[in-house]
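Student: Sequence:
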Amino acid sequence: MNKSGKIRKSDATRARIIEAARERFRKEGFERTTIRKVAGDAGIDPSMVMRYFESKRGLFAAAMTVELRIPDLSGHPRDKLGEALVSHFLKRWEESEDDSLQLLLRSTASNEDAAERARAIFREQIVTTVARLRGDAEAGEVAALIGTQMIGLAYARYILKLPPLLAMPRQAIVRRIGATIQRYLTEPLVADQDISDQPSGWRKPGSIE
1 MNKSGKIRKS DATRARIIEA ARERFRKEGF ERTTIRKVAG DAGIDPSMVM RYFESKRGLF
61 AAAMTVELRI PDLSGHPRDK LGEALVSHFL KRWEESEDDS LQLLLRSTAS NEDAAERARA
121 IFREQIVTTV ARLRGDAEAG EVAALIGTQM IGLAYARYIL KLPPLLAMPR QAIVRRIGAT
181 IQRYLTEPLV ADQDISDQPS GWRKPGSIE
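At position 152 of the sequence shown the residue is numbered 152 (my numbering), and the sequence of numbers has no breaks.
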């Protein structure tokens, strides 16, 4: 076998392992999934899985690689940016055969590795998109606020499957959620000094009394 043939075989083996891992993680979650089970599903020796991915965490990270494929919206009508983003995310969720995004979202609540993968996707794909559209120092905060809308929408519609949201036409969601995203993308954030003091007893998330 020539070098190019070996590379193609290696790529095919890697892809088969990742597909087997995604299915196993989907069925059993991170904790119950083992390298041996994934290897069995892929029809290879466990040592091959370790050769490609080094550990279960490495395998999980590869299986949870998610490309949001956010389009370049720099030339899009500025008053339609919010709707364009929501429309893209709905299409990504509902029309793609790749369900790694849904699997990642399901895993974030109970697995720190999944949560870190989600944070990496946020930093590398969403923050950069917002920075291109806004071009200001608030891009990180704006991206986080957009994340609250999109993650909440995805969880409610595709994980919890709330009936009113399932019944809502896609275009209605695009208009309604898009209006909120639009404000985040094009209007200044409320300045800290304009926000009233927090109510009595409020604690910052993650703080310890």
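FYI, nobody ran anything at the bench for these hints, they're computed from the structure. All C-beta atoms in this analysis are idealised placements derived from N, C-alpha and C, irrespective of residue type, glycine included. It is possible that part of the hints are untrue.
Pair by pair, the computed Cβ-Cβ distance ranges are [as the list claims (entries may be wrong)]:
(1) Thr-65 / Ala-137: 37 to 47 Å
(2) Lys-37 / Asp-136: 43 to 53 Å
(3) Gly-75 / Lys-37: 22 to 32 Å
(4) Gly-152 / Pro-46: 12 to 22 Å
(5) Glu-31 / Thr-180: 16 to 26 Å
(6) Lys-161 / Pro-46: 35 to 45 Å
(7) Thr-34 / Ala-191: 47 to 57 Å
(8) Arg-57 / Met-168: 47 to 57 Å
(9) Arg-36 / Glu-112: 48 to 58 Å
(10) Met-168 / Ala-61: 31 to 41 Å
(11) Glu-94 / Ala-61: 44 to 54 Å
(12) Gln-125 / Glu-23: 18 to 28 Å
(13) Glu-141 / Arg-32: 11 to 21 Å
Student: Evaluate each hint against the coordinates.
Tutor: Results of checking the hints against the structure:
Taken as a hint, the range 37 to 47 Å is violated for the pair Thr-65 and Ala-137, whose Cβ atoms sit roughly 29 Å apart. Separated by about 48 Å at the C-beta atoms, Lys-37 and Asp-136 satisfy the suggested range of 43 to 53 Å. Restraint check, Gly-75 to Lys-37: a C-beta distance of roughly 47 Å breaks the suggested window 22 to 32 Å. A hinted range of 12 to 22 Å for the beta carbons of Gly-152 and Pro-46 is inconsistent with their spacing of about 39 Å.
Between Glu-31 and Thr-180 the Cβ separation comes to about 36 Å, which falls outside the hinted range of 16 to 26 Å. Look at Lys-161 against Pro-46: about 36 Å separates their beta carbons, and that is inside 35 to 45 Å. For the pair Thr-34 and Ala-191, the beta carbons lie near 51 Å from each other, so the given range of 47 to 57 Å is met. Distance hint for Arg-57 and Met-168: a CB-CB separation of about 38 Å, inconsistent with the stated range 47 to 57 Å.
Distance hint check: the CB atoms of Arg-36 and Glu-112 are about 23 Å apart, inconsistent with the given range 48 to 58 Å. Look at Met-168 against Ala-61: about 34 Å separates their beta carbons, and that is inside 31 to 41 Å. Taken as a hint, the range 44 to 54 Å is violated for the pair Glu-94 and Ala-61, whose Cβ atoms sit roughly 25 Å apart. Our hint of 18 to 28 Å for Gln-125 and Glu-23 holds, since their Cβ atoms are close to 25 Å apart.
Taken as a hint, the range 11 to 21 Å is violated for the pair Glu-141 and Arg-32, whose Cβ atoms sit roughly 37 Å apart.
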